[in-house]
Amino acid sequence: MAEEQKKTEYWRWTESRWTNPDIDWKQGGIVSAGVDVGSVSTQAVIMVDGQLYCSSSMRTGSDSPESANSAMKWALEGTGLTTDKIQATVGTGYGRVNVPFATKAITEIACHARGGNFIYGPQVRTILDMGGQDCKAIRCDEKGKVTAFLMNDKCAAGTGRGMEVFADLLGVHINDVGKMSLQVDTEPPPVSSTCVVFAKSEASGLLRQGWPKEKVLAAYCSAMAHRVVTLLERIGVEKEFAITGGIAKNIGIVNRLSKELNVTPLKSDLDPQIAGAIGGALFAKVLFEKKGK
Amino acid sequence: MIEMYKEWYDARHEYAKEWKKKTGGKVLGYFCTYVPEEILYAAGVLPVRILGSHETQNLTEPHIFAMFCPFCRDCLAQGLEGRYSYLDGIMIAQSCLHVRQAYTSWDLHIPTEFSYYLPMPHHVQSPHATAFLRGEYELFIKKVERWTGRKITDKDLQRGIDIMNRSRNLMKAVYETRKKEDVPMTGLEAMQMVVSSQMTEKAEHARITEGVLNELEGRSRGKEKATRVMLLGSENDDVKFIEMVESLDAVIVHDDHCTGTRYFWDTVEANGDPLTSIAQRYIDRLPCPTKDWPERRRVERILQFVKEWNVAGAIIIQQKFCDPHEIDIPAIRTALEDAGVKVLFLEFDVTVPVGQFKIRVEAFLEMLSGDDLF
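So the protein lines, in turn, are chains A and B.
246 is the number that my numbering gives to position 242 of the first sequence; each next residue is one higher, with no gaps.
160 is the number that my numbering gives to position 146 of the second sequence; each next residue is one higher, with no gaps.
These are computed hints drawn from the structure, not numbers from a lab.
All residues carry an ideal CB built from backbone N, CA and C; glycine is no exception.
Check the hints yourself; a few may be wrong.
What the hints assert, rightly or not - Computed list of chain B residues with no C-beta within reach of chain A, every gap over 12 Å: (1) Glu361; (2) Pro367; (3) Glu380; (4) Ser383.
Claimed, not checked - Derived Cβ-Cβ restraints for the label pairs, each shown as a range: (5) A:Thr151 with B:Lys239: 39 to 49 Å; (6) A:Asp172 with B:Glu190: 58 to 68 Å; (7) A:Asp180 with B:Ala80: 39 to 49 Å.
To be verified - Here are the simulated DSS-like pairs of lysine-lysine, each with C-alpha atoms no more than 30 Å apart in a straight line: (8) B:Lys372 with A:Lys253; (9) B:Lys34 with B:Lys194; (10) B:Lys372 with A:Lys295.
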């Protein structure tokens, strides 16, 4: 019974953790952390002297402090590093005020700009953070400081949560959704509504009409990309452009977005989903340095 | 003394009922700040502004389109709920279609002994506007006289002007104190001062404000370092939102709202005929966007406030579906940004999604703060 239930969890994206083998925290000076408790996922990042040391990314539970604790615990696993060695922590994301061990809470808007700057370099001027439950278009300067931002309104369309709903409806694992949506000969018209609930009913209708899953996914990804483009156009896209958040890993959205905007987003080997936590850890380092003075 | 404003604000209906019992006078509910309260005070009538209660409701669904602004629906709901049952009359001065719908629907469903639609001209920039409005005031006065059974003399009108001007000048003096680095009052207190003045007898309100001015002299809120913010928009008495903003590292120092400066900033300048003077005041006052064309005179005033009150950031609060304000926003945003003032735009409904707005306001304040974290 339990196994059967597990099979149907198409929305469950892969949780992960990572340690940088080139860094030995025992040699370093400042150990700082950032914890990004989002509405859907939680990330913890630990940096040593401003260098990425280890990270974790997992699903947010119903309890924000507990999610922050688990992500932190998992990130530290096997490193020998313990929480008492961390000199400063910044909490960010939807649950930013509920990070129990945080020195300060800073918005995910500021943290994604700072983290985007770290991941993609100081040439980044526009960052699109596609999160679990909202979407932010951020403009920043060469230091990664926010100069303008826009957020989507009170609805989950064009967000990770919407994608999870579609993965579930179509029985396609969320990690494969993007790739599969590109397996169409011609791009179908986008679903007319980007409201997740309405789009879901529309998609059910298309499936009944005999549309293959690939085509339905293409129609949804294209609607989602289009919706985000309108947000970006309101704020203006200045090069270089980068995407952070979980959806940055969805090639079906990223490709359509680049095509519509006529801008290629920067690439990196780092996980774009930990950008917010990286920003938090970098801010934490500065907070610690300032305190020492 | 300053807490009196909140008391009045919270107990607006009890106040009006009490006033009626005490004086035996008539209470009139009005829908827009273009209603000439000078004339009502001259007639011995107590004008009280009809405002919403910021609660969700579905009473108004059969009466007003869902794509009309939340404010006009919230106002009508108060009438349909029976919360203004003590009113002897209602009136509106032509403002926008949405709030006029609230007035006409109220008139239809909640009968009162007096109801008046005052055709306040939209084209206030026309050279004929003052003369037109003066003519309309004459008709209005006749109706009021018939209602109250009492003649309104020039002396009465002068008394009405004096009452209103005194209240306006005192509130302006209070706003002056907000220029200080250590702003002695919160934006919420300022908002409640202005809104309570719309709901209470002006002379009584003025007496309290005189005391408040003394009280403010030695008052410190310890927010010298906080970001100085101005609020702009249509009608705003969103307590929860203002509280949330001021719970952060921000202090609201000025506003452009009809529950703020647009209501009281301009006084009546005496120029012989009292009725012409009153008309002139409403034609020249800080305009509502429905009346601010072809030239946008509001922008210049906003920029002046920003400069004098040393504003760092402006939050534009837009009532959902309020087209007149919406159309002004690009011009205001551009003017503010050119003046070096950052702008945050938020769309408001009857209730405020505090969490979602909080992250936007926090990020806005982080953007305005120095480079401490870099």
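Hints and how they fare:
1. Its beta-carbon lying about 7 Å from the closest one in chain A, Glu361 (chain B) breaks the requirement of being farther than 12 Å from that chain.
2. Non-interface call for Pro367 (chain B) relative to chain A: violated, since the shortest CB-CB distance, roughly 6 Å, does not exceed 12 Å.
3. Taking the minimum C-beta to C-beta distance to chain A, about 5 Å, the non-interface status of Glu380 (chain B) is violated against the 12 Å cut.
4. With a least CB separation of 10 Å from chain A, Ser383 (chain B) falls inside the 12 Å interface cut-off, contrary to its annotation.
5. In this structure the supplied range 39 to 49 Å is violated for Thr151 (chain A) paired with Lys239 (chain B), their Cβ-Cβ distance being about 22 Å.
6. A C-beta distance of roughly 60 Å is found between Asp172 (chain A) and Glu190 (chain B), which places it inside the suggested range of 58 to 68 Å.
7. For Asp180 (chain A) and Ala80 (chain B), the hinted distance range of 39 to 49 Å is satisfied, since their beta carbons lie about 41 Å from each other.
8. Note on Lys372 (chain B) and Lys253 (chain A): the hinted pairing holds, with a Cα-Cα distance of about 28 Å set against a maximum of 30 Å.
9. Distance check on the hinted pair: Lys34 (chain B) and Lys194 (chain B) sit about 40 Å apart at the alpha-carbon level, beyond 30 Å; violated.
10. Taken as a hint, the Lys372 (chain B) and Lys295 (chain A) pair is honoured in the structure, with Cα atoms around 27 Å apart against an allowance of 30 Å.
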